[in-house]
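Trainee: Take these sequences, add in the hints, and give me the full structure.
Position in the sequence shown (first residue = 1) + 1 = the numbering used here.
Everything labelled a hint here was simulated from the structure, so no lab data went into it.
Careful, some of the hints might be misleading.
Okay, the calculated beta carbon distance ranges per label pair [claimed, not checked]:
(1) Leu125 with Glu76: 30 to 36 Å
(2) His88 with Ala10: 19 to 25 Å
(3) Asp97 with Lys42: 52 to 58 Å
(4) Ala56 with Gly23: 29 to 35 Å
(5) Gly8 with Leu30: 17 to 23 Å
Ideal Cβ positions, reconstructed from N, Cα and C, are used throughout, including at glycine.
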Amino acid sequence: MFDPNVGKATQFRKGQTGNAGGRPKSRLLSQALRDRLGEIKPGDPEQRSWAEAIAANLIEIAASKSPNAIAAANEVCDRIEGRPPQHLQISDFQADLQSRSDQELEFYLANGRWPSDEESALLLAPADASTT
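Mentor: Next comes the structure, spelled out in C-alpha coordinates:
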(Lines of atoms letter the chains of each structure in order from A and count residues from 1; the text may use other names and numbers.)
(Lines give C-alpha, C1' and ligand atoms only; values in the text may rest on other atoms or scores of the structure.)
Protein backbone atom coordinates (compact mmCIF):
# COMPACT_ATOMS: atom_id res chain seq x y z
CA MET A 1 0.00 0.00 0.00
CA PHE A 2 1.27 3.52 -0.85
CA ASP A 3 2.26 5.67 2.12
CA PRO A 4 2.18 9.41 1.22
CA ASN A 5 4.39 10.27 4.20
CA VAL A 6 7.40 8.33 2.89
CA GLY A 7 10.25 10.79 2.37
CA LYS A 8 8.51 13.74 4.06
CA ALA A 9 11.21 13.99 6.74
CA THR A 10 13.97 14.51 4.16
CA GLN A 11 12.13 16.94 1.88
CA PHE A 12 13.13 20.59 1.79
CA ARG A 13 10.91 22.87 3.80
CA LYS A 14 8.89 25.52 2.01
CA GLY A 15 11.01 28.63 1.38
CA GLN A 16 14.25 26.77 2.11
CA THR A 17 16.79 26.03 -0.59
CA GLY A 18 18.94 22.94 -0.78
CA ASN A 19 21.89 24.88 -2.14
CA ALA A 20 22.12 28.10 -0.15
CA GLY A 21 25.52 29.04 -1.60
CA GLY A 22 24.37 28.47 -5.18
CA ARG A 23 26.66 27.48 -8.00
CA PRO A 24 30.25 28.61 -7.46
CA LYS A 25 30.96 31.84 -9.30
CA SER A 26 34.03 30.34 -10.96
CA ARG A 27 35.31 26.85 -11.39
CA LEU A 28 38.85 26.01 -10.28
CA LEU A 29 40.22 25.29 -13.76
CA SER A 30 38.61 28.39 -15.23
CA GLN A 31 40.10 30.56 -12.51
CA ALA A 32 43.54 28.96 -12.92
CA LEU A 33 43.42 29.61 -16.67
CA ARG A 34 42.36 33.22 -16.12
CA ASP A 35 45.21 33.72 -13.68
CA ARG A 36 47.75 32.14 -16.00
CA LEU A 37 46.56 34.05 -19.09
CA GLY A 38 47.14 37.31 -17.22
CA GLU A 39 50.79 36.46 -16.47
CA ILE A 40 53.64 37.78 -18.62
CA LYS A 41 54.90 35.15 -21.06
CA PRO A 42 58.52 34.31 -20.14
CA GLY A 43 61.03 35.21 -22.82
CA ASP A 44 58.59 37.35 -24.81
CA PRO A 45 60.55 40.37 -26.10
CA GLU A 46 57.41 42.53 -26.04
CA GLN A 47 56.56 41.46 -22.47
CA ARG A 48 53.07 40.40 -23.55
CA SER A 49 50.72 38.38 -21.39
CA TRP A 50 49.90 34.82 -22.39
CA ALA A 51 46.46 36.05 -23.50
CA GLU A 52 47.99 38.75 -25.73
CA ALA A 53 50.41 36.24 -27.26
CA ILE A 54 47.62 33.77 -27.96
CA ALA A 55 45.43 36.49 -29.48
CA ALA A 56 48.30 37.61 -31.74
CA ASN A 57 48.97 34.03 -32.87
CA LEU A 58 45.28 33.41 -33.52
CA ILE A 59 45.01 36.52 -35.66
CA GLU A 60 48.18 35.60 -37.57
CA ILE A 61 46.76 32.16 -38.36
CA ALA A 62 43.38 33.66 -39.35
CA ALA A 63 45.10 36.04 -41.77
CA SER A 64 47.30 33.33 -43.32
CA LYS A 65 46.67 30.84 -46.09
CA SER A 66 46.96 27.99 -43.62
CA PRO A 67 44.40 25.18 -43.69
CA ASN A 68 43.51 26.31 -40.16
CA ALA A 69 42.80 29.91 -41.21
CA ILE A 70 39.04 29.46 -41.40
CA ALA A 71 38.82 27.86 -37.96
CA ALA A 72 40.99 30.63 -36.49
CA ALA A 73 38.92 33.34 -38.19
CA ASN A 74 35.73 31.74 -36.85
CA GLU A 75 37.21 31.69 -33.35
CA VAL A 76 38.19 35.37 -33.59
CA CYS A 77 34.72 36.34 -34.85
CA ASP A 78 32.97 34.25 -32.20
CA ARG A 79 35.03 35.93 -29.46
CA ILE A 80 34.49 39.46 -30.77
CA GLU A 81 30.98 39.36 -32.22
CA GLY A 82 29.57 36.49 -30.18
CA ARG A 83 28.36 33.25 -31.66
CA PRO A 84 25.43 33.59 -34.04
CA PRO A 85 22.16 32.35 -32.55
CA GLN A 86 21.26 28.80 -33.45
CA HIS A 87 17.63 28.13 -34.16
CA LEU A 88 16.21 24.76 -33.23
CA GLN A 89 12.97 23.50 -34.62
CA ILE A 90 11.24 21.19 -32.22
CA SER A 91 8.23 19.37 -33.51
CA ASP A 92 5.58 17.62 -31.49
CA PHE A 93 6.21 14.11 -32.77
CA GLN A 94 3.35 12.59 -30.77
CA ALA A 95 0.84 15.08 -32.19
CA ASP A 96 2.27 14.43 -35.67
CA LEU A 97 1.77 10.68 -35.25
CA GLN A 98 -1.76 11.13 -33.98
CA SER A 99 -2.67 13.29 -36.98
CA ARG A 100 -1.49 10.67 -39.51
CA SER A 101 -3.73 8.09 -41.09
CA ASP A 102 -3.05 4.37 -40.87
CA GLN A 103 -2.05 4.41 -44.56
CA GLU A 104 0.49 7.18 -43.94
CA LEU A 105 1.95 5.32 -40.97
CA GLU A 106 2.27 2.13 -43.03
CA PHE A 107 3.94 4.16 -45.81
CA TYR A 108 6.42 5.58 -43.27
CA LEU A 109 7.27 2.11 -41.95
CA ALA A 110 7.78 0.77 -45.47
CA ASN A 111 9.75 3.73 -46.87
CA GLY A 112 11.43 5.42 -43.90
CA ARG A 113 9.86 8.78 -44.76
CA TRP A 114 6.47 10.46 -44.70
CA PRO A 115 4.56 10.45 -47.98
CA SER A 116 4.54 13.60 -50.11
CA ASP A 117 1.26 15.49 -50.55
CA GLU A 118 0.65 13.68 -53.85
CA GLU A 119 1.41 10.28 -52.31
CA SER A 120 -0.86 11.06 -49.34
CA ALA A 121 -3.70 11.94 -51.72
CA LEU A 122 -3.27 8.59 -53.49
CA LEU A 123 -3.10 6.71 -50.18
CA LEU A 124 -6.20 8.37 -48.83
CA ALA A 125 -8.24 8.08 -52.03
CA PRO A 126 -11.18 5.65 -51.76
CA ALA A 127 -10.28 2.22 -53.13
CA ASP A 128 -13.22 2.12 -55.57
CA ALA A 129 -12.19 5.51 -57.11
CA SER A 130 -9.04 3.97 -58.58
CA THR A 131 -10.99 1.27 -60.44
CA THR A 132 -13.14 3.73 -62.45
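Trainee: It remains to establish, for every hint, whether it holds in the given structure.
Mentor: Hint check:
no., hint, in the structure
1, Leu125 with Glu76: 30 to 36 Å, "violated, 52 Å"
2, His88 with Ala10: 19 to 25 Å, "violated, 46 Å"
3, Asp97 with Lys42: 52 to 58 Å, "holds, 56 Å"
4, Ala56 with Gly23: 29 to 35 Å, "holds, 32 Å"
5, Gly8 with Leu30: 17 to 23 Å, "violated, 36 Å"
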